[in-house]
Amino acid sequence: MQFPEAFLNDHIQKLTGCSIIYFKDSSHDENVNPHYHFVIAPSDPVDFVLCLITSKVEKRETYYGRVSKKAAECLVKVDSSILPFLTKPSIIDCNQAELIRRADLTKRVDHDYEFKIEVRDAEIPEMLKTE
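Per the working numbering, the very first residue in the sequence shown carries number 1; after that it's consecutive.
If you are wondering where the hints come from, they were derived from the structure by calculation, not from laboratory data. These numbers come from a predicted model, not from an experiment. Some hints could be false.
Claimed, not checked - Distance condition first, Cα-Cα at most 30 Å in a straight line; then the derived BS3-like pairs of lysine-lysine:
{"hint": "1", "residue 1": "Lys116", "residue 2": "Lys56"}
{"hint": "2", "residue 1": "Lys59", "residue 2": "Lys116"}
{"hint": "3", "residue 1": "Lys56", "residue 2": "Lys77"}
Claimed, not checked - Quick list of simulated restraints, FRET-style, between CB atoms:
{"hint": "4", "residue 1": "Met127", "residue 2": "Asn9", "range": "15 to 21 Å"}
{"hint": "5", "residue 1": "Gly65", "residue 2": "Asp104", "range": "20 to 26 Å"}
{"hint": "6", "residue 1": "Ser68", "residue 2": "Leu99", "range": "19 to 25 Å"}
Note that CB positions come from ideal geometry on N, CA and C, so glycine has one too.
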C-alpha cells in the first residue's frame, strides 16, 4: 500500500501519550511481517519510546529467563482481552525499548505495507500505561 510521505508525517506528528501503531519496520529483515508497536510520546515533541509487540511469547520468556530474571519481569503479557485487535497472545518487550526521533520513525516505516494507528491514548487500558 503506497501512501505519501506527508500523510505518514502528519499522522506520526499527531501521536501523543501512548498509542499502538502497526507497520513493517524497514530496518528489520525483509521476510519479517509487520508488527504492532507500543509507542510512548513523552512531552518532548521530537522523540518517541518504541516497544515491539510480538507473539513469540515463549521464545522471549525462555531467552530472558536464561539471561536475566529482572529482564523477564519487563515482558508485559497482552492478549485479545486487553487489546481486542490481537489474534494471538503476545508480549510488549520493554527490554528492547528504543528512543527514536519522530522523523526517523517516518523513515523506518516501509511504505509498501500498511500503516495504521490501531489505538490512541484514551483507548489504551491504564494498566498498560503504568506497567
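Each hint, compared with the structure:
1. Lys116 with Lys56: holds, 22 Å
2. Lys59 with Lys116: holds, 27 Å
3. Lys56 with Lys77: holds, 11 Å
4. Met127 with Asn9: 15 to 21 Å: Between Met127 and Asn9, where Cβ atoms are some 31 Å apart, the hint is violated.
5. Gly65 with Asp104: 20 to 26 Å: violated, 32 Å
6. Ser68 with Leu99: 19 to 25 Å: holds, 21 Å
In summary, the numbered hints that this structure violates are 4 and 5.
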